[in-house]
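> Modelling step: build the complete structure from the supplied sequences, incorporating the hints.
The opening position of the sequence shown corresponds to residue 1 in the UniProt record's numbering, with each subsequent residue numbered one higher.
To be clear, the hints were calculated from the coordinates, so they are not data collected in a lab.
On a predicted model such as this, the values are computed, not experimentally measured, just so you know.
Have a look at the derived ranges for each label pair, beta carbon to beta carbon: (1) 71 x 51: 28 to 34 Å; (2) 70 x 36: 47 to 53 Å; (3) 77 x 46: 46 to 52 Å.
We put the beta carbon where it would ideally sit given N, CA and C, even for glycine.
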Amino acid sequence: MTLIQSRQNVHDAASRPANDNHTRSPEDFSVLDLIPSSDDDDVAEIVRRTERLAIAVLIGMAICLILAPVAYIALMYGMPT
Numbered sequence: 001m002t003l004i005q006s007r008q009n010v011h012d013a014a015s016r017p018a019n020d021n022h023t024r025s026p027e028d029f030s031v032l033d034l035i036p037s038s039d040d041d042d043v044a045e046i047v048r049r050t051e052r053l054a055i056a057v058l059i060g061m062a063i064c065l066i067l068a069p070v071a072y073i074a075l076m077y078g079m080p081t
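What follows is the structure in structure tokens.
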């Protein structure tokens, strides 16, 4: 292989798209193919509900992380012995 041929091979490899841009061949199989997709609107609604639940959980965790030390300090130093 000459120097010119190797440069052309490098250039050809750089100009080709990445593997995820190629269409799948029929032999390729994914576990996600086993999940039946009924309707995109149903899936979008499930995702929206999940996101709302995740946001509510994060807000609850933040409140607990703020109030737990405050309650601990109040209980430790607020009660007369």
